[in-house]
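From first to last, the protein sequence lines are chains A, B, C and D. If you count by the working numbering, then the first sequence holds residues 3 to 333, one letter each, in order. If you count by the working numbering, then the second sequence holds residues 14 to 504, one letter each, in order. If you count by the working numbering, then the third sequence holds residues 6 to 161, one letter each, in order. If you count by the working numbering, then the fourth sequence holds residues 1363 to 2027, one letter each, in order.
Note that these hints are calculated values from the structure, not bench results. Computed from a predicted model, the values in this text were never measured in an experiment. Don't take each hint at face value.
[Claimed, not checked] If the Cβ cut is set under 10 Å, some of the chain A residues that face chain D in the computed set are:
#1 C207
#2 C210
#3 L235
#4 C236
#5 G273
#6 V274
#7 T283
Ideal Cβ placement from N, Cα and C applies to all residues, glycine included.
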Amino acid sequence: MSDKPKFAMYWAASCGGCEIAVLNIHEKILDVDANFDVVFWPVAMDAKYKDVEEMEDGSILLTLFNGSMRNQENEKIAHLLRRKSKILVSFGSCATEGCIPGLANLFPVSEIFDVAYHTASTDNPDNIHPVPSFEVPEGTLTIPIMNPTVKTLAQVVDVDYFMPGCPPESHQIAAVVDLVIQVLQGKAQLPPKGSVIGAGQSTVCDECPRTRNVKLIKAFHRIQEVAPLDPALCILEQGVPCNGPATRSGCMARCPQAGAQCIGCYGPAEGVVDYGARLITAFASIIDAREPAEIESILDGIPDPTGQFYRFNLADSLLRAGRSNWDKDGH
Amino acid sequence: MTQLNRITIDPITRLEGHGKIDIFLDGNGDVANSYFQIPELRGFERFCVGRPVEEMPLLTNRICGVCPEAHHMAAAKAADAVYNVDPPRTAKLLRELLYMGFYATDHTTHFYALGGPDFIMGPDSPVAERNILGVIHKVGLEIGGKVIQMRKYGHTVVEMIGGRKVHPATSIPGGITKILSEEERKQIEEMGRWAIDFALFSLQAFKDIVLANKTYLDLILGDIYTHHTYYMGMVDANNKVNFYDGKVRVVDPDGKEFVKYAPKDYLEHIAEHVEPWTYLKFPYLKKVGWKGFIDGRDSGVYMATPLSRLNASDGMATPKAQEAYEEFYSTLGGKPVHQRLATHWARLIELLYAAEHWVELATDPEITSSNVHRVPTQTPTEGVGIVEAPRGTLTHHYTTDERGLLTKVNLIVGTTNNYAPIQMSTNKAARNLIKGGKATEGLLNMVEMAFRVYDPCFGCATHSLPGQMPLELTIHNQDGEITEVLKQFVD
Amino acid sequence: MSEQFEPVIVGFTCNWCSYRAADTAGTARVKYAPNVRLIRLMCSGRLDPTFVMKALAGGADGVLITGCHPGDCHYIDQNYKALRRFLLLRRTFTGLGIEPGRIKLIWASAAEGMRLAHEITQFVEEIRTLGPLNWPKWNEQPIEVEALDEAVKETA
Amino acid sequence: MSEDTPNKPKVGVYVCHCGSNISGMVDVEDVSKWAREHLGQEGLVISRDYKFMCSSLGQELIEKDIKELGLERVVVAACSPHLHEKTFRNTAERAGLNPYLTEMTSIREQVSWVHTDKVAATEKAKHLIAGTVERIAHNEPLEKLKVPINANTLVVGGGIAGIQAALEVANAGFHVYLVEREPSIGGHMSQFDKTFPTLDCSACILTPRMVEAGTHQNITLLTWSEVVNVSGFVGNFNVTIRKKARHVDEELCTGCGICWEKCPKKVIDDVYEAGLGYRKAVYTPFAQAVPKYPVIDEPNCTFFQKGTCKACEKFCPTHAIDFKQQDQYLNVEVGNVILATGYDLFDAGKMTNYGYGRLPNVFTSMEFERLSNAAGPTGGEITLRDGKTKPQTVGIIHCVGSRDKNFNNYCSTICCMQSLKFAHLVKERTGAEVYEFYIDMRTAAKSYDEFYQRVLEEGTLFVRGKVAEVTDAVRLRSQKGKLIIQVEDTLIGKQRRIPVDMVVLSIGMEPRADAKETGKMFGISCSTDGWFMERHPKLDPISTMTEGIYIAGCASGPKDIPASVSQGAAAAARVLDKILQKEVELEPIRATVDEARCSGCRICNNLCPFNAIAFIDDLAVTRINPALCQGCGTCVAACPAGAISGTGFSNDQIFAQIDGMLMSI
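Next up, chain A with everything else stripped away, as it sits in the complex (with noise of 0.2 Å):
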């Protein structure tokens, strides 16, 4: 069977949404199996990490890697694939910028045990946590580490795309497999090394269908204290919050289409070095106040601009985490 190139996917700590996101390409996905020889993908069948070992470096010509960096096991998979694939792509947006867990690089992993076992149903007066290894009657019993960090893909190996989204949209997937497809066949080039696929290089607002006009506002709100919104008008500009005009297009704008703001999961625009940097010059640009007094009222409207504006981003942001996460003293 095995001229076909060879394909795989992977996830490391992720939701599974890209997976369902790949399977909702429906018939597109016969494609991919007239085309490529699936030698890996764990969701879809049997997957023996040794096999992939004992594959030549190189011999997979397509991997999709999905998820972040969340502990050891993680990276060293991600190493293994790197090594096993000619194009390795940074799938979704955990594996690109963090995604929704990268949040915990707010806080130390000492602080998310604090927490999720002392919640208010968790019934443990002994202060158990799991431990990476533990002695029971029978013998020992062995869990994977946390790394104190979440990482994003190409903070650990070398990556040849990004692809984001949480998840990619379908027919963007779909456009994708399309294009390597005719790069097999000759009929297409790659683009340049480095490059984001699956996507738009502006941002959401050039998709979105809403009137946009020369914005001021007085005054931002949180979307269920001023909905329904007018569906014709741009949700910025009726003070809700829409991370739209910092993020990345090729969703088609699908949450400010069905009433609701943007919050940020295809990541920056081109060329962008810190998302929520955009994010947060962006809003102060179209408060219309000049005393300190009366924009600080108004940035109040934003409540939590740290997790407003790195929602998706914080693992690959410039700063990347919160200072308590790596500083005892920080606070």
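With chain A's structure known, arrange chains B, C and D on it following the hints.
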């Protein structure tokens, strides 16, 4: 003490660790004990603190890409409760309609791709055939198309109401942001009617192929897959199964109502136990107490699956599903049904209910009303939201400051409810099937079937999909040499 | 604490007021602390929050932003835009555990060399009391698995 | 991401001793040596230190290296770029290197002159240089923008300053559009009787200029007109002017005056006559008005109000009256604009303690000008409100509304002199006793103080002190009917109550009520007290921050006639200079939008005070007009898509500079 042999069953790969089973053998090679480990924690309960409560339906989505709809709903309901706001009827209808579309898709996927093959093909049929393709060959080609169609339809509903296929975006405190157009409604109604036929067809297939087959029936009724535990499920005012709203009802191993509580009271009834060898916690009934991984009335262990929902209810709220419900119990000899394998059948009955209710909602005169949101007016404080995820009762509990920023978050997710039962089932299967250090034929699939019935989604608890979890089982002799490797391939 | 901590501060000045204020301070031989390294922009309105983050991530302990007095902006009112960004940036930093005191915005006209010098010296002292920030150089030190084990053992 | 690319452009670093100015506190040899050893991978190929880099020998050193070593970038670590940036850019240009590939690092003003610890100073110098070296690798060669200049000029405001400016430009042979809001040019000066200190007749010296302006072949005079819109940029402004309906056909009208003789409607003239006299509903403000055509004042015209009358039309010998005339909108293209929009007068009614408006015999300075004017309502007779009684005693109060933190902090500069002029005129015409109440006498201009001496000698009484109150509440019967001026005489330190028949309030000047809007329309700003802001208060008082827009006369602050005239002339000179250059050079520091990446979010659309940012609706993208862009970079920093880039201060340049500055040494 004597050096034990160990068997490691690793659902996916040895090094990836999306949950693995360690089975320890004693000197005679019989099972001394086994452990089902969940090796991942992402800390949502910590990093959601400080976020605005209205973001929870969007943030907790990302706990699981398989059942984001469930988290979206539980979060939205918890957020409603935090603001003590009651969404307009239309908003609730829309949320529930989205949820039905999701349920139909999810149950279909599980039955045809994951659980069903065991029966339709037979547990001891060649592994290579025991999958969706095998099913297609046996039941007929058109079934494959139907399954894909059903998934597509379900996703279409989710996208029409939730804005996106994966990780819906439209539920907010006080309602929903999207209004349903008449064209969309029509389309949804048609798809719903199709879904009903599909569900009936699936039930018929199950009867023809499984129930008609003595071997399968015995298998279902056999002891290996039987546990006598409490059962949990959400019910409406008439104690009928409800996925979106109602009270949580728990019945004891004899099927008598043990408790029925409103979401806000969950803490009086549910507690979680921590073990140092796994990242996942073990919920149990607080009033009974944690007694370890054991059956029976004195053990707080309970189960929350399609089967438990049926056991915990007095019936289904839609006519066809109600018929199926009655047939279910008459066939299996009354309530409650303790045989775990019956869960597959229960799942199809829920599929039928989801499809029927889907049409009921889509034909409700108010479904296209533009009154889809009520602006919260009260100071946010604390709230609990509970829905039935396909894999069990899902509880979100938030506490906020006066600005609605979270100060406490507690999540008890679907699969977690069944963590103890899964541990018990696999343990029991292992004990029954592994003797003298030798694994009997079909052991692998038998053990796998033991936990597949729970349709475990560690996306919630960890991050793996409810896949046909391929097993690899290695048996060592006293000297630790590999004497036998049993494998199951799926491709 | 053998020798006292010398903060590293990156400063951004507008070309027309504050940078000239620095010139004025120089011409008048006003002495101030050597801890601030100035970068000239055409206007405080050019200040991209990314610059501040880059400076802190790159090892600065504090960032100084200066511009023309409100109403005196060479570009009419761009300094107000700098003010808004600054205020929002400071809030964001708080959420990341960075003391708001580590970034400061001051207005200084071309004539106010004295004032600029004074503000700089004062800011240096403020940062000195806050202590070093030393943000990790993420890219330069990939966490080794061993180090990681340690890190986790003490947290777990 | 500015990663170390293997072939970075070749950089030369030149560290200046500046005699001992720098080398006294910075170890320049060490700095230069360090740079050589540590900045190699940043592209540095040569670094030198030299006594005086700005000397011709120093510059030749650089030129030589550029030619011989093929330097592609030059960094000069010396004084502030504000001193020698041009110098070294020229140096580079002479050697064939684009001037914008040269950067200066200030290690004098920012290091040697302000620090005291030589080690720390030297280290800081290294950091600054490292930053500039990394930055300059990202500099791009830039060309100055050249924009052609339209030779036409717009002058707004037909007061003496505007007239002067218009004449200067017109006489040089270039066309001028002179726009005046009122029916006639002439401005405030046309209302005066005499001008200080020479006391020559205002009309006599002004009229010839007005006539010249009105008849000049290069001047299009647009009175009863207002500028309503301005677009474009230096050299290429497009101006829309609203020519209000005069209802008099200028082609036919001979200015004979029959219409206003026959017009039955008398109107109080509170503009020209300061409310003391009357005019008709059809009128020219004064006899020597230019142009001669009257206007029909719609709100007061019986025909426009009641639909009947038309007396003027009936009697007009040339049928010039046209009730149907509509406002016209003219579009004119001009290269430069001179704003000579003048001033408003302080509203004396605001100072209730002086009783203006309540006490009939309290007058404003402008009222007094009309009283004393031979062409005025009283034919130059100085009388009380009743129009006949001559005052026995007159009190003139200075600084009314000026130098007063409740109103205007500034000094209106002309009030002292005008008050002295009034004192002289009162004495001359009525022989009355005159008191001057002043805070300080300010007579600082040519032969002003001599005039002060003269008025002193004429016996005017001076009381130093700010008047507290003017009241008719007398305490002595003998003072009945008098006005009492309550003042603290600060020279004798006593409170005094001085009875007078007439009080003249020397009211100050204020910015035009609509100065802010005007400023906005022309893209210039007002200072905190509301006057137009000059580019530099001393060195460039007639230019503004916006290229091609100049200001003259009282629009930028209180001035006397000579100052206004010279500013008009100076502004004209600036304009002529521009016109003769035929094109302007603009600094190439500009922002541009990458339209492929612009999402049309319009976040930036409100940010540009120079209207350089325009949204193209049909493409749904934003564009920046390079000629209007002033290069501040605010939009660059604001674009959430990172679609706007700015030359000279690009992100890459600044990122690199930050990295370099923080490089560990």
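Satisfaction of the A:G273 interface hint, Cβ to chain D closer than 10 Å: With a closest approach of 5 Å, the A:G273 hint holds.
Restraint outcome when A:T283 is required to lie within 10 Å of chain D by C-beta distance: holds, 5 Å
Per-residue hint verdict: A:C236, partner chain D, C-beta under 10 Å: holds, 8 Å
Hint validity - A:C207 Cβ closer than 10 Å to any chain D Cβ: OK, holds: A:C207 within 10 Å of chain D, min 4 Å.
Given hint A:V274 near chain D, where the shortest CB pair must fall under 10 Å: With a minimum Cβ separation of about 4 Å from chain D (threshold 10 Å), the hint on A:V274 holds.
Hint check, A:L235 versus chain D [nearest Cβ-Cβ separation less than 10 Å]: With a minimum Cβ separation of about 12 Å from chain D (threshold 10 Å), the hint on A:L235 is violated.
Status of the A:C210 interface restraint (C-beta, 10 Å, chain D): holds, 8 Å
Hint compliance for this structure: hint 3 alone is broken.
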